[in-house]
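A.B. asks: Assemble chains B and C onto chain A, guided by the hints.
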Amino acid sequence: MSALLEIENLRVTFPTARGPIDVVKGLSLTLGRERLGIVGESGSGKSMTGRSILRLIRAPGKVTADKLRFDGIDLLAQSERQMRSIRGARISMVMQDPKFSLNPVMTIGDQIAEALLTHQKLGRADIRGRTLAMLEAVRINDPERVLGLYPHEVSGGMGQRVMIAMMLIPEPDLLIADEPTSALDVSVQAQVLEIIDDLVKRKGMGLILISHDLDLVSAYCDRILVMRGGEVVEECVAGELRNAKHPYTRGLLASIPRLDEDREELPVLQRDEAST
Amino acid sequence: MSALKIENLDISYGDSKVTHGIGFDVAEGESFALVGESGSGKTTVLKAIAGMARSWTGSITAFGHARTPGIDRGFARQCQMVFQDPYGSLHPRKTVDATLSEPLAIHGVGDSGARVDEVMQSVGLDRRFRFRFPHQLSGGQRQRVAIARALILKPKLLLLDEPTSALDVSVQAEILNLLKRLRREQGLTYLMVTHNLPVVSFLCDRLAVMRHGRVVEVASVDQLKRGELQDPYSRELTRFSASHPKT
Amino acid sequence: MATTRDWLLDDSPSSRLQARLGRSYRLSRALARNPLAMVGAIIVLTLILVALFAPWIATHSPIGQDLANRLKPPSAENWMGTDELGRDIWSRVVYGARITLMIVALVAVLAAPVGLVIGAVAGYFGGWTDRILMGITDIFLSMPKLILALAFVAALGPGIQNAIIAIAIATWPGYARIARAETLTIRNSEFVAAVELQGASSLRVIVNHILPLCTSSMIIRVTLDMAGIILTAAGLGFIGLGAQPPLPEWGAMISRGRSFILDQWWVATMPGFAIVIVSLGFCFLGDGLRDVLDPKHGDRQ
Numbered sequence: 001m002s003a004l005l006e007i008e009n010l011r012v013t014f015p016t017a018r019g020p021i022d023v024v025k026g027l028s029l030t031l032g033r034e035r036l037g038i039v040g041e042s043g044s045g046k047s048m049t050g051r052s053i054l055r056l057i058r059a060p061g062k063v064t065a066d067k068l069r070f071d072g073i074d075l076l077a078q079s080e081r082q083m084r085s086i087r088g089a090r091i092s093m094v095m096q097d098p099k100f101s102l103n104p105v106m107t108i109g110d111q112i113a114e115a116l117l118t119h120q121k122l123g124r125a126d127i128r129g130r131t132l133a134m135l136e137a138v139r140i141n142d143p144e145r146v147l148g149l150y151p152h153e154v155s156g157g158m159g160q161r162v163m164i165a166m167m168l169i170p171e172p173d174l175l176i177a178d179e180p181t182s183a184l185d186v187s188v189q190a191q192v193l194e195i196i197d198d199l200v201k202r203k204g205m206g207l208i209l210i211s212h213d214l215d216l217v218s219a220y221c222d223r224i225l226v227m228r229g230g231e232v233v234e235e236c237v238a239g240e241l242r243n244a245k246h247p248y249t250r251g252l253l254a255s256i257p258r259l260d261e262d263r264e265e266l267p268v269l270q271r272d273e274a275s276t
Numbered sequence: 001m002s003a004l005k006i007e008n009l010d011i012s013y014g015d016s017k018v019t020h021g022i023g024f025d026v027a028e029g030e031s032f033a034l035v036g037e038s039g040s041g042k043t044t045v046l047k048a049i050a051g052m053a054r055s056w057t058g059s060i061t062a063f064g065h066a067r068t069p070g071i072d073r074g075f076a077r078q079c080q081m082v083f084q085d086p087y088g089s090l091h092p093r094k095t096v097d098a099t100l101s102e103p104l105a106i107h108g109v110g111d112s113g114a115r116v117d118e119v120m121q122s123v124g125l126d127r128r129f130r131f132r133f134p135h136q137l138s139g140g141q142r143q144r145v146a147i148a149r150a151l152i153l154k155p156k157l158l159l160l161d162e163p164t165s166a167l168d169v170s171v172q173a174e175i176l177n178l179l180k181r182l183r184r185e186q187g188l189t190y191l192m193v194t195h196n197l198p199v200v201s202f203l204c205d206r207l208a209v210m211r212h213g214r215v216v217e218v219a220s221v222d223q224l225k226r227g228e229l230q231d232p233y234s235r236e237l238t239r240f241s242a243s244h245p246k247t
Numbered sequence: 001m002a003t004t005r006d007w008l009l010d011d012s013p014s015s016r017l018q019a020r021l022g023r024s025y026r027l028s029r030a031l032a033r034n035p036l037a038m039v040g041a042i043i044v045l046t047l048i049l050v051a052l053f054a055p056w057i058a059t060h061s062p063i064g065q066d067l068a069n070r071l072k073p074p075s076a077e078n079w080m081g082t083d084e085l086g087r088d089i090w091s092r093v094v095y096g097a098r099i100t101l102m103i104v105a106l107v108a109v110l111a112a113p114v115g116l117v118i119g120a121v122a123g124y125f126g127g128w129t130d131r132i133l134m135g136i137t138d139i140f141l142s143m144p145k146l147i148l149a150l151a152f153v154a155a156l157g158p159g160i161q162n163a164i165i166a167i168a169i170a171t172w173p174g175y176a177r178i179a180r181a182e183t184l185t186i187r188n189s190e191f192v193a194a195v196e197l198q199g200a201s202s203l204r205v206i207v208n209h210i211l212p213l214c215t216s217s218m219i220i221r222v223t224l225d226m227a228g229i230i231l232t233a234a235g236l237g238f239i240g241l242g243a244q245p246p247l248p249e250w251g252a253m254i255s256r257g258r259s260f261i262l263d264q265w266w267v268a269t270m271p272g273f274a275i276v277i278v279s280l281g282f283c284f285l286g287d288g289l290r291d292v293l294d295p296k297h298g299d300r301q
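Residue numbers (the UniProt record's numbering), protein chains in the order written: chain A, 1 to 276; chain B, 1 to 247; chain C, 1 to 301.
What the hints contain is simulated information worked out from the structure, not anything from laboratory work.
Note that this is a predicted model, so its numbers are computed, not measured.
Be aware that one or more of the hints could be misleading.
With beta-carbon atoms standing in for the labels, derived distance ranges [said to hold, decoys possible]: (1) A/ARG58 - C/THR129: 41 to 47 Å; (2) C/PRO35 - A/GLY72: 41 to 47 Å; (3) C/THR3 - A/PRO20: 23 to 29 Å; (4) C/SER202 - A/PRO20: 30 to 36 Å.
Reference listing, derived: stretches of chain B covered by chain C, where coverage requires no fewer than 3 residues with Cβ under 8 Å from a Cβ of chain C [unchecked claim]: (5) 60–73; (6) 102–116; (7) 121–132; (8) 163–170.
Some chain B residues close to chain C (C-beta under 10 Å, calculated; not the full set) [stated by the list, open to error]: (9) ALA76; (10) CYS79; (11) LEU90; (12) PRO92; (13) ARG149; (14) LEU153; (15) LYS156; (16) LEU159; (17) ARG184; (18) GLN186; (19) GLU228; (20) ASP231.
Even glycine gets a Cβ: it sits at the ideal position worked out from N, Cα and C.
Chain A on its own, in the form it takes in the complex:
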């Protein structure tokens, strides 16, 4: 199977008062129809990587790469107009907080329908049917009622499931989920991730799951990239994360408290100059 996404030497640069700063420094990856996790702490460049695939980096930020190909399409060569037809239809993105991603003055039904209509022409009944089916797929119990609700009338977990429904209804080939569950309670988190996981597997999509949470990523991905300071420091199979070799990854793993914690002190990563 040919690669869905190929990235070579990706750089994201922001100008600052003290000269340009690379927030992603020459990242390369190849993704098939598989689940890839990108983990790292804040400032590691993981979100910027996700956003640059969709060319969502705003000026004055700049994206360069030797190669940024999605299913044979050179993403960097696309016009803004062409990009818009790729976003949503072929590559979708789920963001961290549904509160900021949903339009507060449109009902949920209308928003999902719009996501669908932007990329396909369909009749009214058809749209309604597909929307209901999608809400059911994200395990919303009474989709008929939820269709007519406004975003502020649903809980965080429900909101995030609606977001996922919106992102998946055009049946994209690649889903980028950037911290999709960090704003949610633990019990809801598991649910939401399982829904994503199930849909990705069933439809054979590619998934890039971006998170700060090592355990979460290792539970829901096939392969993991660990990022730090804009660079990939380690790449491993998800199941092998516990045997990670790089000192940074090992340090991160060790610094997480466990449920049966008996250490008197948690090991702390050595920082190169307490970063400002």
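C.D. replies: Quick look at chains B and C alone, frame taken from chain A:
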């Protein structure tokens, strides 16, 4: 004497009751956790103790004195709070020095220069950060400033509202170590609100599990570690934390 | 390390003074990078200098009449020509800068603090305090500024002091609204909760913690309003309720020049230019300040 005794506490916002008959007891020098998911009312309990939530019935007794609703200056010297978001809890236009001197000025404590120096040292903040503004600090450094601000009046009880949930795991580890050391060195009592059971297991002695504004179970951390919580909801929470231990 | 610039930009300042100066330096550098703001700053600075050094810059007396040289066009002798009483227009415009600057400064000094305090108190305490204070504010806001100022001048009697008081009365409600809106967002922030929990009095919270955060939006708003204040003052002067003759107030000068606008265009046009340029200057400066001071408009880095 218990540091904090709460009995039959009902807190309401406007017409709706947020908690129902909360009761628990925190011994002096103990570290106690209130655990629950969003909407369980755990943060509201903390706010009522601090004086920020003003309409409640029942009784809150701190160090043998009954609390009345509202903030009082005497109590402020005994009990301080650390907030969740290190970005929102520091005044954006005040240097670390100004933030730390303010409580001393409020209570007319002299010798602020030396006290600020001392407290910064105890939370592990280098001298050179003293005249920085919050935007020149990292998240972990800001949280250290927030902890220093809470400690500068030398209180006996600290209310911790999810003090590490907005931080990276490696920074979380530093702050947790710091909180543990400070408690040991200064004989502090902690009441911590969190949704994170592993953190409770590291930092606390006992915990109360809350759901829908009620305490469903009070248990020791040993019981938590051994997976011996009784209430079905507590067990469910434990299961989620164990299956993929959220940081 | 030895230069002043390094000292100002030091990431780890060693005193309160250095931290504050460093902040001001960064802000002024950011302002200097904005060309329009610089144009505005230069215009405003020029206005101030002209007002200060008017006796040296003016070539004639602003009120000295010379009936032999009435309504002369601009020339080497009278750079902007003369008016119907033979007074040198250039000198009158130069002295007029003093009046304009005085009006602007006094209105700002009177109206901004009043608005700031009323808005912050209303926003912080909420409830009935808020309802009463904002009720009063709304009554003032519901009337057009110029009409309100007109009414006050009519009641107080024409004259420059009364015009200033009238404009100040018409201006403060806008500031109160802004200060209240700012306060409402600040009041619920955790850093305010933190000082309250330390036992700080309401006065302390408002003065030390809330007002400093309102001031930048206030400075921006006042600067942007300056243009409107100048125009209102000129308007009052134009209809004869502001500065009284022979004071060289720009609005009054235009008013007198309008009888000759077709044949002696310079009499009304020169002070008109002055008003337009100074108003624009304040607008540019205000916009620039907003970019620099207002975090909501993107605090870069």
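A.B. asks: Each hint needs a verdict: does it hold in this structure or not?
C.D. replies: Results of checking the hints against the structure:
1. Distance hint check for A/ARG58 and C/THR129: the Cβ-Cβ separation is about 42 Å, which falls inside the suggested range of 41 to 47 Å.
2. In this structure, C/PRO35 and A/GLY72 meet the distance hint of 41 to 47 Å, their C-beta atoms being roughly 46 Å apart.
3. For C/THR3 paired with A/PRO20, a C-beta distance near 24 Å keeps the hint of 23 to 29 Å intact.
4. Our hint of 30 to 36 Å for C/SER202 and A/PRO20 is violated, since their Cβ atoms are close to 47 Å apart.
5. Only when three residues or more bring their CB closer than 8 Å to a CB of chain C does the claim for the segment 60–73 of chain B stand; here the count is 3, and the claim holds.
6. Coverage of a stretch by a chain is defined here by at least three residues with a beta carbon nearer than 8 Å to that chain's beta carbons; for the segment 102–116 of chain B and chain C the count is 4, and the condition holds.
7. Taking a C-beta to C-beta cut-off of 8 Å, the segment 121–132 of chain B contributes 5 residues in contact with chain C, enough for the three needed, and the coverage statement holds.
8. Here the segment 163–170 of chain B counts 0 residues with a CB under 8 Å from a CB of chain C, which misses the bar of 3, and the coverage is violated.
9. With a least beta-carbon distance of about 4 Å to chain C, the hint placing B/ALA76 at the interface is held under the 10 Å criterion.
10. The restraint placing B/CYS79 at the interface with chain C holds, with a minimum CB-CB distance near 8 Å, inside the 10 Å limit.
11. About 6 Å separates the beta-carbon of B/LEU90 from the nearest beta-carbon of chain C, less than 10 Å, and the hint is met.
12. Using the Cβ-Cβ criterion of 10 Å, the hint placing B/PRO92 at the interface with chain C is satisfied: the shortest such distance is roughly 7 Å.
13. Taking 10 Å as the C-beta contact cut-off toward chain C, the hint placing B/ARG149 at the interface holds, the least distance being around 7 Å.
14. The beta carbon of B/LEU153 is positioned within 10 Å of a beta carbon in chain C (closest approach about 7 Å), and the interface hint is therefore held.
15. Because the smallest distance between the Cβ of B/LYS156 and any Cβ of chain C comes to about 15 Å, over 10 Å, the interface hint for this residue is violated.
16. For the restraint placing B/LEU159 at the interface with chain C, the shortest Cβ-Cβ distance is roughly 9 Å, inside the 10 Å limit, so the hint holds.
17. With its C-beta approaching chain C no nearer than about 24 Å, B/ARG184 sits outside the 10 Å limit, and its interface hint is violated.
18. Among the interface hints, the one on B/GLN186 is violated; its C-beta lies about 18 Å from the nearest C-beta in chain C, farther than the 10 Å criterion.
19. Violation of the interface hint for B/GLU228 is found here, the shortest Cβ-Cβ separation to chain C being roughly 36 Å, above the 10 Å cut-off.
20. With a cut of 10 Å, the hint placing B/ASP231 at the interface with chain C is violated, because the nearest CB-to-CB distance is about 32 Å.
Checked against the numbered hints above, the structure breaks hints 4, 8, 15, 17, 18, 19, 20 and satisfies the rest.
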